[in-house]
Amino acid sequence: MLAASPTTLPLFLALSGCAGPAVLSAPPAVSPQTQLLLHAVAAEHNLIWIYNKAVAVYSGLAPTLAPLRAEHEAHLAQLRGRVIEPSGKPVPDTVTSRPTLGATQGAVVGQLRAAEQAAVKAMMSRLAGASPSLAQLYASIAASEATHASVLGAGVGA
Amino acid sequence: MSTEVTALQGALAAEHAAVYGYGVVGAMLAGPELADARADWTAHQVARDALEAMLIKLGATPVAASPAYTLPFAVTSAKSAEQLAVTLENGVTRAYLGLVAVSNPTLRAFAAQAMQAAANRSTAWSGATQAFPGMPA
Numbered sequence: 155m156l157a158a159s160p161t162t163l164p165l166f167l168a169l170s171g172c173a174g175p176a177v178l179s180a181p182p183a184v185s186p187q188t189q190l191l192l193h194a195v196a197a198e199h200n201l202i203w204i205y206n207k208a209v210a211v212y213s214g215l216a217p218t219l220a221p222l223r224a225e226h227e228a229h230l231a232q233l234r235g236r237v238i239e240p241s242g243k244p245v246p247d248t249v250t251s252r253p254t255l256g257a258t259q260g261a262v263v264g265q266l267r268a269a270e271q272a273a274v275k276a277m278m279s280r281l282a283g284a285s286p287s288l289a290q291l292y293a294s295i296a297a298s299e300a301t302h303a304s305v306l307g308a309g310v311g312a
Numbered sequence: 097m098s099t100e101v102t103a104l105q106g107a108l109a110a111e112h113a114a115v116y117g118y119g120v121v122g123a124m125l126a127g128p129e130l131a132d133a134r135a136d137w138t139a140h141q142v143a144r145d146a147l148e149a150m151l152i153k154l155g156a157t158p159v160a161a162s163p164a165y166t167l168p169f170a171v172t173s174a175k176s177a178e179q180l181a182v183t184l185e186n187g188v189t190r191a192y193l194g195l196v197a198v199s200n201p202t203l204r205a206f207a208a209q210a211m212q213a214a215a216n217r218s219t220a221w222s223g224a225t226q227a228f229p230g231m232p233a
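If you read the sequences in order, they're chains A and B.
The first sequence begins at 155 in my numbering and counts up by one.
The second sequence begins at 97 in my numbering and counts up by one.
For the record, the hints were derived by calculation from the structure and aren't laboratory data.
Errors might be hidden in some of the hints.
[As the list claims (entries may be wrong)] Simulated coverage check for chain B against chain A, where a stretch passes if three residues somewhere in it have a Cβ under 8 Å from a Cβ of chain A:
{"#": "1", "region": "117 to 129"}
{"#": "2", "region": "198 to 208"}
[Claimed, not checked] Non-contacting residues of chain B with respect to chain A, defined by C-beta distances greater than 10 Å in every case (computed):
{"#": "3", "residue": "E100"}
{"#": "4", "residue": "R144"}
{"#": "5", "residue": "A146"}
{"#": "6", "residue": "M150"}
{"#": "7", "residue": "L151"}
{"#": "8", "residue": "A160"}
{"#": "9", "residue": "P163"}
{"#": "10", "residue": "A170"}
{"#": "11", "residue": "S176"}
{"#": "12", "residue": "T183"}
It should be emphasised that the depicted structure is a prediction, and the values quoted were computed from it without experimental measurement.
Think of the CB as a built atom: it goes at the ideal place given N, C-alpha and C, for glycine as much as any other residue.
Excised from the complex, chain B in its bound form (with noise of 0.2 Å):
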C-alpha cells in the first residue's frame, strides 16, 4: 500500500469517526448549537466521501465505517457533547497532519486546507485556540 493511500485511510477513519461521534454530540444539543452541531456534521460527511472518491481513484478500497465506537468518555449533557466535538476536531486534524507529509502537493494542499477546517471547528466549539494544531503535545 502506497504512503498516500495508507495516509489518506487513516484520514478516511478519522471521518468515519467524527460523522458517528457528531450523532451523539447533536443528540444532546438544542437551538443554534444542535444547527452548529448538523452543520459540522454535514462537512465531515462531505470530506467523507472525497477522501472515498480519491481512494477510489488510486485504485484502493476505502476503509469501511466502523458499525459503533467507543466514546473518549461519557457523553451525558451538553457540555460533555461539545467536549466531544473537540476531541472529534482535535482526531481529525491529526490524522489530516499525517496526509500532509506525502509528497503529492496537491495531496498535501487539500489535506492542509482540511486542518484549518478542523481547527476552526475546533475553536468554535472550544472557544479556545492552539499553537499547534495536530501536532503532538
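For reference, chain A alone in the conformation it holds in the complex (with noise of 0.2 Å):
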C-alpha cells in the first residue's frame, strides 16, 4: 500500500499542479437541484400533516382520505430515499406549515383540494432543473396529486 509521507506529499502536489484539499474551508453549498427536492419533501410532511388533521377531527372522512394519505406517505418515502444527506447533517423531517382546520367537513375537503392542486403546480415548477429521474418522479407524483384533486372535488365530504 504506498502511504504519503509528510515530505512526499508536498513535492507530488507541487509537481502536479495541485493545490490539494483545502481542508478547513465550508462544506460545498446544497445544489439547486437539492434545494427543489428538500422542498417537495416539505411540501409532502406539509400536507399527510393536514391529512392527519383532517382524519383526526372528521372521522367520517377516513375511508376518502386514508388512502390518499397513504399515497402521499409512499411519495415522501420516494422524494425522502433521493436525498443524498450530508454527513452529520441529517435532513430534517418537520412539518414546515400547520394551516388552521376549516370549520366544517365540506371546507376541509375543499382545503385538501386546494392543497393537492398547489402541490401540482409546484411539483411542476421543479420539473426544468431536475435530472431526467427525478424529473419523471415529480411528474408521476403531481399525476397522482391531480387525481387526489379531482377525487376530492367529486362531492366528497358535502
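Each of the two chains sits in its own frame; use the hints to bring them together as a complex.
See below:
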C-alpha cells in the first residue's frame, strides 16, 4: 500500500500542479436541484400533516382520505430516498406549515383539494431543473396529486 | 433519431393505441359511460394530432397507427370495457413518462400535463388513485 509521507505529499502536489484539498473551507453549498428536492420533501410532510389532522377531526372522512394519505406517505418515502444527506447533518423531517383546519367537513375537503392543486403546481415548477429520473418522479407524483384533487372535487364531504 | 423524437414517437404510438382501444370501449357502453368514452376518445385524437404536429415540426415522420391492435384481454362486457379504458390510460401515462425524461423543459411540462390528464381519466374509470402513475410497479 502506498502511504503519503509529510515530505512526499507536498512534493507530489507541487509536481502535479494541484493545490490539494482545502481542508478548512466550508462544506459545499446545497445544489439548486437538492434544494428543490428538500422543498418537495417538506411539501409532502405538510400535506400528510393536514390529512392527519383532517382524519383526526372528521373521522367520517377517513375512508376517502386514508388511501390518499397513504399515497402521500409513499411519495415522501420516494422523495426522501433521493436525498443524499451530508455526513452528520441529516435532513430534518419536519412539518413547516400547520394551517388552521376548516370549520366544516366540506370546508376541510375544499382545503385539501386546494392543497393538492397547489402541490401539483409546485411539483411542475420543479421539473425544469431536475435530472431526468427525478423529473419523472416529480411528474408521476404530480399526476397522482392531480387525481387526488379530482377525487376531492367529486362531492366528497358535501 | 434524437431522444426527443424517440420519446414523442412512443407517446404517439400510445395515443394511436388509445384511439383504437376507445373504439372497442365505446362499443360496449351506453348512456353516461358511453358519453365519457366518447369524450376520452376525442381527447386522445386531439393529443395524437398535437404529437404528429410536433414531430413534423422536428422534421420527423410521425409513426403511423397499426391497422389493428391485439387487446390485452377479451372485452365482452361494460365492466371489461372499463378495464380496457384503464389499461389504455395507464399505457398512455407510461409513454408520456418517457417524454418527461428529455431535457427540453417545454416538452417535459407538456408530457407531465398529459400524464395528469391520463391519470385522471384512469381514476375516473377505475375509481382508484395511484401513488406513482406511469412508473414501473
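Do the hints match the structure? See the list:
no.	hint	in the structure
1	117 to 129	violated (count 0)
2	198 to 208	holds (count 7)
3	E100	12 Å, holds
4	R144	20 Å, holds
5	A146	18 Å, holds
6	M150	18 Å, holds
7	L151	20 Å, holds
8	A160	27 Å, holds
9	P163	31 Å, holds
10	A170	28 Å, holds
11	S176	22 Å, holds
12	T183	16 Å, holds
Hint check: a violation occurs at hint 1 only; the rest are consistent with the structure.
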